[in-house]
Amino acid sequence: MKKLLNWIEPIPNPSLKNGREQHSTLSKSRFIVRLPSFSREGLRMGSIKAFSIIETITAMALLTITFGIAISTFDMVMNTDNIPMTVNANLTLKQIAAETKKEKTFYDETIERNGFIIQKTVQPYEKTKYNLSRNLGNKDLIHLQLTAQIPEQEKIITTLNILLLNHE
Amino acid sequence: MLSDLEQIQLQENLWEQRVLNNLKSGTAIVQTSNTTIEKQTIDLFNTEMDSVTIEKYWWGLFQVGTVDAFKTFPNQRIAYRKAILYGSELKTEQKAALYLKDNNQPLAIAGKTVIKGDVFLPRAGAKRAYVNGQGFSGTELFEGKKQQSKRYIPKLNETPFLPIIEYLVKGFPKNNAQLNDTLRQSFHENSMIIHDNIIYLDKHYIKGKVILMADSLVYISPNCYLENVVIIAPYILIDKGFKGQIQAFASKFIRIGEEVNLIYPSIAMILKTELTPTIPQNMIIEKNATIHGLAGVYQFNKTDLPPIPSLNIKENATVIGQVYSNEKIYLQGQVFGNVTCAGFRVQTAASIYDNHIFNTTIDYSKRPNDYLSPAFLEKTVINEEIIKLD
Numbered sequence: 001m002k003k004l005l006n007w008i009e010p011i012p013n014p015s016l017k018n019g020r021e022q023h024s025t026l027s028k029s030r031f032i033v034r035l036p037s038f039s040r041e042g043l044r045m046g047s048i049k050a051f052s053i054i055e056t057i058t059a060m061a062l063l064t065i066t067f068g069i070a071i072s073t074f075d076m077v078m079n080t081d082n083i084p085m086t087v088n089a090n091l092t093l094k095q096i097a098a099e100t101k102k103e104k105t106f107y108d109e110t111i112e113r114n115g116f117i118i119q120k121t122v123q124p125y126e127k128t129k130y131n132l133s134r135n136l137g138n139k140d141l142i143h144l145q146l147t148a149q150i151p152e153q154e155k156i157i158t159t160l161n162i163l164l165l166n167h168e
Numbered sequence: 001m002l003s004d005l006e007q008i009q010l011q012e013n014l015w016e017q018r019v020l021n022n023l024k025s026g027t028a029i030v031q032t033s034n035t036t037i038e039k040q041t042i043d044l045f046n047t048e049m050d051s052v053t054i055e056k057y058w059w060g061l062f063q064v065g066t067v068d069a070f071k072t073f074p075n076q077r078i079a080y081r082k083a084i085l086y087g088s089e090l091k092t093e094q095k096a097a098l099y100l101k102d103n104n105q106p107l108a109i110a111g112k113t114v115i116k117g118d119v120f121l122p123r124a125g126a127k128r129a130y131v132n133g134q135g136f137s138g139t140e141l142f143e144g145k146k147q148q149s150k151r152y153i154p155k156l157n158e159t160p161f162l163p164i165i166e167y168l169v170k171g172f173p174k175n176n177a178q179l180n181d182t183l184r185q186s187f188h189e190n191s192m193i194i195h196d197n198i199i200y201l202d203k204h205y206i207k208g209k210v211i212l213m214a215d216s217l218v219y220i221s222p223n224c225y226l227e228n229v230v231i232i233a234p235y236i237l238i239d240k241g242f243k244g245q246i247q248a249f250a251s252k253f254i255r256i257g258e259e260v261n262l263i264y265p266s267i268a269m270i271l272k273t274e275l276t277p278t279i280p281q282n283m284i285i286e287k288n289a290t291i292h293g294l295a296g297v298y299q300f301n302k303t304d305l306p307p308i309p310s311l312n313i314k315e316n317a318t319v320i321g322q323v324y325s326n327e328k329i330y331l332q333g334q335v336f337g338n339v340t341c342a343g344f345r346v347q348t349a350a351s352i353y354d355n356h357i358f359n360t361t362i363d364y365s366k367r368p369n370d371y372l373s374p375a376f377l378e379k380t381v382i383n384e385e386i387i388k389l390d
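Taken in order, these protein sequences are the chains called R and L. Using our numbering, read the first sequence as starting at 1 and increasing by one per residue. Using our numbering, read the second sequence as starting at 1 and increasing by one per residue.
No lab work stands behind these hints, which were simulated from the structure alone. Don't take every hint at face value.
Said to hold, decoys possible - Here are the in silico distance ranges between beta carbons for each label pair:
1. L:Met49 with R:Thr121: 34 to 42 Å
2. R:Thr121 with L:Asp363: 45 to 53 Å
3. L:Asp181 with R:Glu103: 45 to 53 Å
4. R:Lys94 with L:Glu274: 38 to 46 Å
What the hints assert, rightly or not - Below, simulated DSS-like cross-link-like pairs (lysine-lysine); rule was C-alpha separation at most 30 Å, straight line:
5. R:Lys102 with L:Lys71
6. L:Lys155 with L:Lys116
7. R:Lys94 with L:Lys82
8. R:Lys101 with L:Lys388
9. R:Lys104 with L:Lys95
10. R:Lys120 with L:Lys71
11. L:Lys116 with L:Lys145
12. R:Lys101 with L:Lys379
13. L:Lys95 with R:Lys102
14. L:Lys174 with R:Lys120
15. R:Lys104 with L:Lys24
16. R:Lys104 with L:Lys388
17. R:Lys101 with L:Lys91
18. L:Lys24 with R:Lys101
19. L:Lys71 with R:Lys101
20. R:Lys94 with L:Lys24
21. L:Lys174 with L:Lys39
22. L:Lys24 with R:Lys102
23. L:Lys82 with R:Lys104
24. R:Lys94 with L:Lys388
25. R:Lys120 with L:Lys116
26. R:Lys102 with L:Lys91
27. L:Lys145 with L:Lys314
28. L:Lys388 with R:Lys102
29. R:Lys101 with L:Lys39
30. L:Lys116 with R:Lys102
31. L:Lys71 with R:Lys94
32. L:Lys170 with L:Lys39
33. R:Lys101 with L:Lys82
34. L:Lys379 with R:Lys104
35. L:Lys95 with R:Lys101
36. R:Lys104 with L:Lys91
37. L:Lys240 with L:Lys287
38. L:Lys116 with R:Lys155
39. L:Lys287 with R:Lys155
From the three backbone atoms N, C-alpha and C, an ideal C-beta is built for every residue, glycine too.
Only chain R is shown next, with the shape it has when bound in the complex (with noise of 0.2 Å):
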């Protein structure tokens, strides 16, 4: 505003001596408008104001940042339902795991817990790539495997792989 009121001058009349009186009859001078000039004259008197070149990178920048946020928490939103899902399987999977362990349960079995379809597949562990079996004499060990997938769907979302003792 300040600005725009030095682009507004009124016409100097010859007939006020002070200020005070110049000031008081503003309202009824006329006025003449200096809009900014782009000629080369005023360029190189330096009055024109402009951004610098760190200021425009810096806003840039800033600019892509709250892009950047603006879309990734979108992005967050869209893919909120997948993260707990996944933790919720793999604590389901776990919990089932414990379960098994305690409660001596080493057969295959299909069990329906928190949403998800959990298969359950035990088996002797029978590990022959470093001849460890014969090594070992593993015959109490037990490969308990346990995938979770969502109901009508294919897609199996994790699966836990862990060994336990018969004996246990």
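Chain L: place on chain R using the hints.
This is chain L only, laid out in the frame that chain R set:
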């Protein structure tokens, strides 16, 4: 971007859970193994994403299992590891208060002797007797079921003893570490071996996978802190008031001083590879000393029994665990657990009584329920967790 960070964090947590599960699986493999396992890295479920490094080795008369589970990413590594000391469940003969070899003589019981628990006795059984004019003061000679013992005591599992015997007979390795005031060695690393002619321990702090070997003597003062340490020497002297957890193996003599407290699971054992007629007694457990674990004497040369008892457990000395000897023992203190021996002897100022026990207590019921044995007997399964190690 925040969502990406959250996803990365979630993935990390899931991998961490997976690595922890693999650590449990590796521990299960090590635990079920009844043999040692050379250090090796395996892919548990053929997924190329579940790697564990496992190892199981003898540590004195126990076994140590180590498991390292890990997942390596380009700029990160998730790793967990565990080391466990394994012992064995007691065999039938060890679940009795007494196993006395059948040497065609009855066990003579005199004075205020108490035997609580099942007993394996010679065909001749047990009888009341007098020592220094004191007859058996109890009502029952023993409180438990009687079974007949064999002409030999339960056989030794020689496997863990072989390297110790080799050290004692052939000498010790020369490449060894320096005996600093403080020594700590993880069970995931190689053994730290300290060797010298005489090892004098005073104000030392030694913990972990450390073996102390001396050509002649190891002396342990009460100002030391020793934990999980194996000691091998011809002579071992543990001074009055020491407290710690050790496995001590000597070929000639061990003295466990007064008020010494060897914490579970400790071992003090004489391994005789030659006759030592100049040493009247190979192990003396002094008054008020306590051993939580095994105290034993074993003569590897099959000779006739020496007349003098090799192991002397003095008055008010206590062994909570097991006493094992294929020679005679002089039992004046008390044993809360099992005594397996070839014979007893009582010596008074006036006379000597063979196959007698006098004023002593053998009480199997006072053995701690969670006590696990070192694997010193044949055909023992070593897969019971005793303690977690560093």
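Violated constraints from the hint list, given by number and in increasing order
Of the numbered hints given earlier, those the structure breaks are 1, 4, 14, 25, 30, 38, 39, listed in rising order.
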